[in-house]
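*Asks:* Each chain, letter by letter, is given below.
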Amino acid sequence: MARTYLVEIEGAEWLVTVDDGPDGLRVRIGDEPEQAANWSLAQDPAIYSLLLDGQSRQVRVVPDPEQANTWQLSLRGHRFSAHVQTERERRLSRVSAGKQAPTGPLTIKAPMPGLVRAVVVQVGDTVQQGQRLLLLEAMKMENEIPAPRAGTVQAIQVAAGETVDTGRPLVILA
Amino acid sequence: MARTYLVEIEGAEWLVTVDDGPDGLRVRIGDEPEQAANWSLAQDPAIYSLLLDGQSRQVRVVPDPEQANTWQLSLRGHRFSAHVQTERERRLSRVSAGKQAPTGPLTIKAPMPGLVRAVVVQVGDTVQQGQRLLLLEAMKMENEIPAPRAGTVQAIQVAAGETVDTGRPLVILA
Amino acid sequence: MPIRKLLIANRGEIALRIIRACRDLGIGSVAVYSAADRNALHVRYADEAYPIGPPPAPESYLRSAAILDVAHRAGADAIHPGYGFLSERAEFAEACRAAGLIFVGPPPEAIRLMGDKVAARRLAIAHDVPVVPGTEAEVQDATAAARIASEIGYPVLLKAAAGGGGKGMRVVRAPGELQDAIRAASGEATAAFGYGGVYIEKYLERVRHIEIQLLADSHGHCIHLGERECSIQRRHQKLIEESPSPVLDPATRAQMGAVAVRAALAAGYVNAGTIEFLFTPERQFYFLEMNTRLQVEHPVTELVTGLDLVQEQIRIANGEPLRLTQDQVRFHGHAIECRITAEDPDHNFMPSIGRIPAIAEPSGPGVRVDSAIYPGAEVSIYYDPMVAKLICWGEDRDQAIRRMRRALSEYGLAGILTNIPYQQAVLASPEFQAADFDTGFVERFGHPAAHTDPQDRAALQRIAVVAAAIAAHLDREQAAAQSAASHAVEGPAEGREWRQGGRPRSLRM
Amino acid sequence: MPIRKLLIANRGEIALRIIRACRDLGIGSVAVYSAADRNALHVRYADEAYPIGPPPAPESYLRSAAILDVAHRAGADAIHPGYGFLSERAEFAEACRAAGLIFVGPPPEAIRLMGDKVAARRLAIAHDVPVVPGTEAEVQDATAAARIASEIGYPVLLKAAAGGGGKGMRVVRAPGELQDAIRAASGEATAAFGYGGVYIEKYLERVRHIEIQLLADSHGHCIHLGERECSIQRRHQKLIEESPSPVLDPATRAQMGAVAVRAALAAGYVNAGTIEFLFTPERQFYFLEMNTRLQVEHPVTELVTGLDLVQEQIRIANGEPLRLTQDQVRFHGHAIECRITAEDPDHNFMPSIGRIPAIAEPSGPGVRVDSAIYPGAEVSIYYDPMVAKLICWGEDRDQAIRRMRRALSEYGLAGILTNIPYQQAVLASPEFQAADFDTGFVERFGHPAAHTDPQDRAALQRIAVVAAAIAAHLDREQAAAQSAASHAVEGPAEGREWRQGGRPRSLRM
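Chains as they are written, first to last, in this note's numbering: chain R, 1234 to 1407; chain Z, 1234 to 1407; chain X, 266 to 774; chain W, 266 to 774.
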C-alpha cells in the first residue's frame, strides 16, 4: 500500500510517498514525478542496493539504536541520520512529547573508553558550544571532548587520571 | 572432560584424546606426547584458528550435511573428510549397521542442475568404475558423469535433452 | 565527441574492471543485469543499472536488442562488450553503429573477417604470416571430414569457425573418434556462438601457446605490447598466463610482434586485439587465430607495461591516436595470472555451484585480484565457472611465482570448491618452475594430489585429524551442556530442535 | 648463516606484511599476540603464533623479555620489529644481539644515536647536513625553555627526544602556551616512548615534509630509493604520502639523496631507514630526523621502484651486499598512499571503536591494500587507530589520484567510522590536485563537508531521503505482516518479541 512519510534529514524536511505496488516500489518526492525504485538487500549486514529510475546507489541502512523512527544511512562514505514518520505518527509523538519537559540538563558521556587526562572546566563555568570540557586519552592520542551546546557546568563527575568506559557521565551542563 | 576418539581420514585411522582442562585444550595423538591446543572461531562461518604447540593453522570445519559424525575440513586449499566417533559410539553404530543391507543398488544423482546432452550407456550394460554414463551440460561445458563403482546398469531415469535439478536420479547401478 | 557514458554489455569481474576504468577516466557507467545478478557488484558499482532479462544468457546478456534499448534509455553514447557474450559478434558491433553508438572494439568488418577462422587463415597466408597446415573451408560432412583428416594426418584438431576460448574444439587422435568429436564440437559451438560450423587443422604436438597483445588506433597505427604465454590450458581453457614468456628472446619477440602488427593492419583492425600463435619446440611460430576483443588475461600485460588496456581501448574508441610508439613500450618484471574457477579438481573439474558465505582475498605486495565475488554471492550454472583472477607481479619470474603461491595460500572461498589446490600443485611443480611445459601440460599433469609432497600432505592430514577430533569433542560438550540446560528449564524440546542429527546448528552454513 | 625463521614483534597490517615477505622468501614466520589479537590475521597467517600477554601494549607488544622468550622457544633466529612498539628501542636491538638473534634493523648504536634527536642534530651539523635552527640539548625547565624559545623566535616546535611519528610534538605560537604544551608533549612522549625529554626547534611555516628512503648494507654501501612527500599530516600524523614528490626535480632529488646517504654512513647505519627533511617554499631542505626502521608508508616506494623493502631488509640482515647500485635504481610512475584510520572526521577525528561486521575492499588495476581487518574484527582502544593502508599506482600523478578516489569510493567498512570521507575531500580539492600544499594543509583545510560540491551533497541527500523512506515503509509493512501472522497463529507474543521499539530485529547489527 502507499504511504506518505515526513523525512527529516540535516534540518530539512521532505515529503516522500512510497507505493508498494504489483510492479515493484514506486517513490514520489514532494510533487516531483513518480520514480521506479528497486530495493534489494545486496549483502549482509544491511547493505542495500537501490536503483532509482536506473541510478545505482549502494547504501547501508541501520536503525538508530537510541532514537525511535530514526535511521542511520551511509552512502559513498557520507553519513546521514534520517527521522521518518507518517503524518499520523508525527501527531501522536507531538502529543506525547508535549507531556515531557522540552529541555533540561544535558549529560555529556564518554564516547569511548579511555583515560581522563585533564578536566579543563570547573563547576559554574559558562561554556560556548564547541568549547572543550576535558581531554580523554584513547588509542594513544588525546581527544578533546567539546560542549555539544552552550550552557553552565552544573556538575563534573570524573577526575583527571580516572579510566572511564563508554557511556560514563563526564560533565552535566545546565 | 577427556575423551578418546577414533578419527578415520583417507582410509587411515587415528586415536586422538582431547582433554578440555582448566588450562585449555590438550590433545594426544596415539601415544605421542600431549600437545597444547588453542582453538578459536576466528571468523564466521566456521573458520577456526588452531594453534597446536604454537603451530598456526587455519581450518574450516563444517559437519557433513549427509553423513552423521562426519566433518568436512579444508586446510590450505586441501580438503579432508573425517569420520569421528568414540569407541562406544562406534560399537553402537556397528550394531545398528548390522541390521541393514550392507550393499545394494546405487543411484547416481545429478551433482548440479544442467542439461542432459547424451546418455552413453544402456540398461544391462556392464560398466567399470570411472566409465562415463552420461554427459551433463552446465556452465556451458559438457561434464562427464562417471560410474562411482563397477556394476550393471539397472535403470536409466533421464533422456538426452532433459533439464535436471541437483539430486535428480540419473542412473541406477546394480 | 568523446565518450561520456559507457554501457557495459557484460557481467562479473570484467564488467567491474570496465566500470573501474570508466571511473578512473571520469566517464559515466551503465550496467545491465540478468535476474540472477541483481545484487552483483557490477550492478552496485556502476552509476546506473538496468535489468535485461532472466538468468540464461540467451535471454539476457546475449539479447542485443534489449541492451541497445537500455543504451538508448540511459543516454549512453558507447558500449563495451567485455569478453565472451556479444564481444565477437559482428552483427552486434554493426547494430551499435547503426544506433549511433560507439562500439569499444574493432569495426564489424574486422570482427567478421578474423572471426571467420577460414578467412583469417587466408588473410594470414596472403600476408606471409605462417599458419598451421589444415583446411581452408568448413567441413561439409563426415565423409569429407574423414578424407581431410587423413590427408593432413592424425592427430587433427576440430575448431569452431565462429568464436574461440576453446569452446567447440576437439583433438582427434584416430579416425574412429572423428564422428563423435564433430558432433560434440559442433554442438558446443552452436550453444556458445549460435553457429555450428567447424574446420580441421593439423594438431601440433608439444607446442606452446604464445599470444601477442596489440593496440591499433583509427589512424593506421598499430603497436604490440609484448606477449603472453598461455600454455597451461585444460580443454583449451587457459588456466595460467604469464608475461613475458619464459622462452622468448627479444629478437623472436620483435619478429612475432611485427608479424602480428602486419596481420592486424591487413585486417583493418582497430582497438585492442590479440593474435594467438603456436610456438613449437623448434622455435617456429604459427598463426592460430585473432581474438578481436579484450582478453581475460589482459592484466598480466598491464602489470608488465604499466598501461591500462581498458583506458587505452576507450581512448582509441574516442578516435585518439595511440599515446605510445613501439619504442616507448617498456617492460618491467614478470606477471602471472591464475584463473580461479568454481570447479572441483579432485573430480575431473566438475563445476561447483553454491553460495559463498565468506571470502578471504589475498593482498599485499605484488598482488592484484580481479573478482566480482562478494560475501553471499551465488555461483550459478548459468555462467562461466571462472569466478576471479589472481594476478601477481614480481621483479622476475621466480618472485612472481613465489608471490602467486603465497597469494593462493591466502585465498579463502567458503561454500564452493575451486581449482586453487590444482593451481598450487602446478606452481609447485618443477616443470612449471623450469618453464618446461607446452599445451599438453595439464593433460599429462594428472591429479594434484600426486604432486603434493607426501610429507606436507601427512602434516596437513595430522592437523585435519586433530581439528576434526576437537570439533567433534566440542560438539559433544556443547550438546551435553545444552541438553542439561534444556532439561532443567523447559524440557527436551528446545534441545531437540537445536540439535539435528547429532550436530549443532551453529556449525551449519 | 641466513635467517630461516623470523619472529615478528608486531601486530596488524605490518605484521602481516612481514609474514608475506617471509613466505615469499621461503622463511618460517613466528607471530606473537596479545589477548586482544587471538583471532587476528597475523596470528592466522603466520606459521607459528604465541601469546605474550594482555591487550595493553606495555603488557604484551612492548614486553621484550616475553618476546625474546618466544623467539627462544620457537627456535627463531631473527626478529623483525616492524614500526612502532619496540622498533626504535636500542635496548631491544641490544637484547636481541645478546640473545644471539639477528635484529632485522639497524645496529643498536645507530638507533641510539639517531633516536637521540639532539645527538642526531650534532651528527648532521658535523657532516654538513643542513638543520633547522634550534636547541641542541633537551629543555631542562620551564624558565630555560621560555628563554630558548624567545631566542629562536616563535612559533617554535616541541619535540620528543625519543621517538617520532608526531607523538610528543606540539607547535607553540606564543609564550603563554609554552608551559601547557611542554606538559602535554612530555606526557605523550612518556606514554609512547617511556621517556619524557623534549627539545625545541624553530617552527618553519609553509614547509613540506619530504623524506628519503635509504638502504644500507653491512659492507659500507648505502643507496637511496628516492623520496616520499608526506606533507598531508594531522597533528604530525601522516595521512597521505606519495612518491615522487610533485615538487622535486631530479637535481634536488639527487642532492637530497646524497646528503641522506652521507648522514646514514656517518651514523654507521645498516638496513632500511628514512631521513626526513623539511622543504621550504624557497626550495631549501633541512634535516629533520632519521627514522631507524621501516616506515608505514614504505609501499609507495615499493610501487615506484619495484623493490620489496621487507625482502631487502631481510637480505641485508643476512649480511648480503645490496643487489643494486644507485644507478640501477629506476622509478616508474607515481604512487599514493592513504592511511585509513578508525576516526570520525566529522567530530574532530575522535577514535571510533567497535566491531567491523562487513568489509568491501577496493581492488582492480593499480590498487594495493595493506590491511589486517577481517569480517568480525574489533577495533579496540588499545592500539593505533590506523586500520589499513590503501596504496594506488598510476602512470602519472593524475592517474594515481583518480584511481585512489575510485578505490576510496569502493572501500566499505561497516560498524566503525573512518577518515575515508575526509581523504576523499582532500583528494578532490584543487589544492591537493595541484600539489599546492604544505604541512599546514590539514589545519587549514577544515571540515570535509565544506569541500563537498553542494550539488553532489544534495544529490546524496535525496538518495538518503528515499532510502530512509523505503526502509521505514518496508519496516512497517513487515511489522504489519508479522503482527497479522502472529495474531492468527499464536497470539501477539511473538510479534512483540520480534519487534522492539518499532524496528525489526532483522535490521539490527
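Simulated from the structure, these hints should not be mistaken for laboratory data. The reader is advised that the hints may include incorrect statements.
What the hints assert, rightly or not - What follows is a set of in silico ranges between Cβ atoms, one per label pair, in the way DEER data are often shown: (1) W:Arg362 x X:Gly705: 39 to 47 angstroms; (2) W:Ala407 x R:Asp1358: 22 to 30 angstroms; (3) X:Ala715 x Z:Leu1239: 26 to 34 angstroms; (4) W:His712 x X:Asn613: 27 to 35 angstroms; (5) W:Pro586 x X:Phe596: 21 to 29 angstroms; (6) X:Ala363 x W:Gln593: 19 to 27 angstroms; (7) X:Ala700 x Z:Ala1392: 30 to 38 angstroms.
C-beta atoms are modelled at their ideal positions from N, C-alpha and C, and glycine is treated no differently.
*Asks:* Is it true that the C-beta distance of Ala715 (chain X) to Leu1239 (chain Z) lies inside 26 to 34 angstroms, as the hint says?
*Replies:* holds, 28 angstroms
*Asks:* So does Ala363 (chain X) sit 19 to 27 angstroms from Gln593 (chain W), Cβ to Cβ?
*Replies:* violated, 55 angstroms
*Asks:* State, for the Cβ atoms of Ala407 (chain W) and Asp1358 (chain R), whether the hinted interval 22 to 30 angstroms holds or is violated.
*Replies:* holds, 26 angstroms
*Asks:* Take a look at whether the Cβ-Cβ distance between Arg362 (chain W) and Gly705 (chain X) falls inside 39 to 47 angstroms.
*Replies:* violated, 55 angstroms
*Asks:* Just tell me: holds or violated, for the beta carbon distance of Ala700 (chain X) and Ala1392 (chain Z) against 30 to 38 angstroms?
*Replies:* Since the Cβ atoms of Ala700 (chain X) and Ala1392 (chain Z) sit about 48 angstroms apart, the hinted range of 30 to 38 angstroms is violated.
*Asks:* With 27 to 35 angstroms as the target window, see if His712 (chain W) and Asn613 (chain X) comply at their CB atoms.
*Replies:* For Asn613 (chain X) against His712 (chain W), whose Cβ atoms are near 60 angstroms apart, the range 27 to 35 angstroms is violated.
*Asks:* Holds or violated: the 21 to 29 angstroms window for the beta-carbon distance between Pro586 (chain W) and Phe596 (chain X)?
*Replies:* Given range 21 to 29 angstroms: holds, Cβ gap about 27 angstroms.
Hints 1, 4, 6 and 7 from the earlier list are contradicted by this structure; the remaining hints agree with it.
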